[in-house]
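Participant: Each chain is listed here by its residues.
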Amino acid sequence: AQSVTQLGSHVSVSEGALVLLRCNYSSSVPPYLFWYVQYPNQGLQLLLKYTSAATLVKGINGFEAEFKKSETSFHLTKPSAHMSDAAEYFCAVKFSGNTGKLIFGQGTTLQVKP
Amino acid sequence: GAVVSQHPSWVICKSGTSVKIECRSLDFQATTMFWYRQFPKQSLMLMATSNEGSKATYEQGVEKDKFLINHASLTLSTLTVTSAHPEDSSFYICSASPARPDTQYFGPGTRLTVL
Chain A
1 AQSVTQLGSH VSVSEGALVL LRCNYSSSVP PYLFWYVQYP NQGLQLLLKY
51 TSAATLVKGI NGFEAEFKKS ETSFHLTKPS AHMSDAAEYF CAVKFSGNTG
101 KLIFGQGTTL QVKP
Chain B
1001 GAVVSQHPSW VICKSGTSVK IECRSLDFQA TTMFWYRQFP KQSLMLMATS
1051 NEGSKATYEQ GVEKDKFLIN HASLTLSTLT VTSAHPEDSS FYICSASPAR
1101 PDTQYFGPGT RLTVL
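First to last, the sequence lines map onto chains A and B. FYI, my numbering numbers position 93 of the first sequence as 93, with every residue one higher than the one before it. FYI, my numbering numbers position 105 of the second sequence as 1105, with every residue one higher than the one before it.
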């Protein structure tokens, strides 16, 4: 079955430290992959997306993600965390054959400590 | 670009009443719109997919007679929660996709509280 898994429901880093949020998908065909960020009581904002072009994708706010087919992963990274990065992050996948429907991971809460 | 609005941003209603939530794509035409429900500290659950001018496709377990979706134009979709009950209280989020549905753009969400 097609699915997406975010490892770690809660990640805590110090300000200035590396941010690594993990996302793995299950599919025989590489899907389209997305990372969204959600601040409290708000909708989702697109950080970046992979659509079968370059495997290293750069997004907004200094985030980037690398698509690794061999590992079926699309982990999100940022070299240096800011306090404003504290939010909920969702990995989402659009598998081929459906009508644009996204499947979301469980979400990862990023805490940034001063 | 790619801005999606929702109205209202929050609503409180009495049990048994109906509530309508609007979702608009402000600067693009959305051939497909999606409605999600999100419980506190949880991920988004897709409720239904709607295409302009056709009936919505509901996900398994979502009551189509309770959650009425209308996609009347390429920039507007509405979700009506009929005969709302306290268990319908939730955060409802819509998203919209342009003609090439590679990406969904999300609205800011509507907080529904049913007393």
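Just so you know, not all the hints are guaranteed correct.
To be verified - Only pairs whose alpha carbons sit at most 27 Å apart, straight line, appear in this in silico DSSO-like list of lysine-lysine:
#: 1; chain 1: B; residue 1: K1066; chain 2: A; residue 2: K101
#: 2; chain 1: A; residue 1: K68; chain 2: A; residue 2: K58
#: 3; chain 1: A; residue 1: K101; chain 2: B; residue 2: K1014
#: 4; chain 1: A; residue 1: K58; chain 2: A; residue 2: K113
#: 5; chain 1: A; residue 1: K49; chain 2: B; residue 2: K1020
#: 6; chain 1: B; residue 1: K1041; chain 2: B; residue 2: K1066
#: 7; chain 1: A; residue 1: K69; chain 2: A; residue 2: K49
#: 8; chain 1: B; residue 1: K1041; chain 2: A; residue 2: K113
#: 9; chain 1: B; residue 1: K1020; chain 2: B; residue 2: K1064
#: 10; chain 1: B; residue 1: K1014; chain 2: B; residue 2: K1064
#: 11; chain 1: A; residue 1: K68; chain 2: A; residue 2: K49
#: 12; chain 1: B; residue 1: K1055; chain 2: B; residue 2: K1020
#: 13; chain 1: B; residue 1: K1055; chain 2: B; residue 2: K1041
#: 14; chain 1: A; residue 1: K69; chain 2: A; residue 2: K58
#: 15; chain 1: B; residue 1: K1066; chain 2: B; residue 2: K1055
#: 16; chain 1: A; residue 1: K101; chain 2: B; residue 2: K1055
#: 17; chain 1: A; residue 1: K101; chain 2: B; residue 2: K1020
#: 18; chain 1: B; residue 1: K1066; chain 2: A; residue 2: K113
#: 19; chain 1: A; residue 1: K58; chain 2: A; residue 2: K101
#: 20; chain 1: A; residue 1: K113; chain 2: A; residue 2: K69
#: 21; chain 1: B; residue 1: K1066; chain 2: B; residue 2: K1020
These are computed hints drawn from the structure, not numbers from a lab.
Participant: Against each hint, give a clear statement of whether it holds in the structure.
Facilitator: Hint check results:
no., hint, in the structure
1, B/K1066 to A/K101, "22 Å, holds"
2, A/K68 to A/K58, "15 Å, holds"
3, A/K101 to B/K1014, "33 Å, violated"
4, A/K58 to A/K113, "24 Å, holds"
5, A/K49 to B/K1020, "32 Å, violated"
6, B/K1041 to B/K1066, "24 Å, holds"
7, A/K69 to A/K49, "15 Å, holds"
8, B/K1041 to A/K113, "20 Å, holds"
9, B/K1020 to B/K1064, "14 Å, holds"
10, B/K1014 to B/K1064, "21 Å, holds"
11, A/K68 to A/K49, "14 Å, holds"
12, B/K1055 to B/K1020, "17 Å, holds"
13, B/K1055 to B/K1041, "31 Å, violated"
14, A/K69 to A/K58, "17 Å, holds"
15, B/K1066 to B/K1055, "15 Å, holds"
16, A/K101 to B/K1055, "16 Å, holds"
17, A/K101 to B/K1020, "23 Å, holds"
18, B/K1066 to A/K113, "43 Å, violated"
19, A/K58 to A/K101, "23 Å, holds"
20, A/K113 to A/K69, "33 Å, violated"
21, B/K1066 to B/K1020, "12 Å, holds"
Violated hints, listed in ascending order, are 3, 5, 13, 18 and 20; each of the other numbered hints is respected by the structure.
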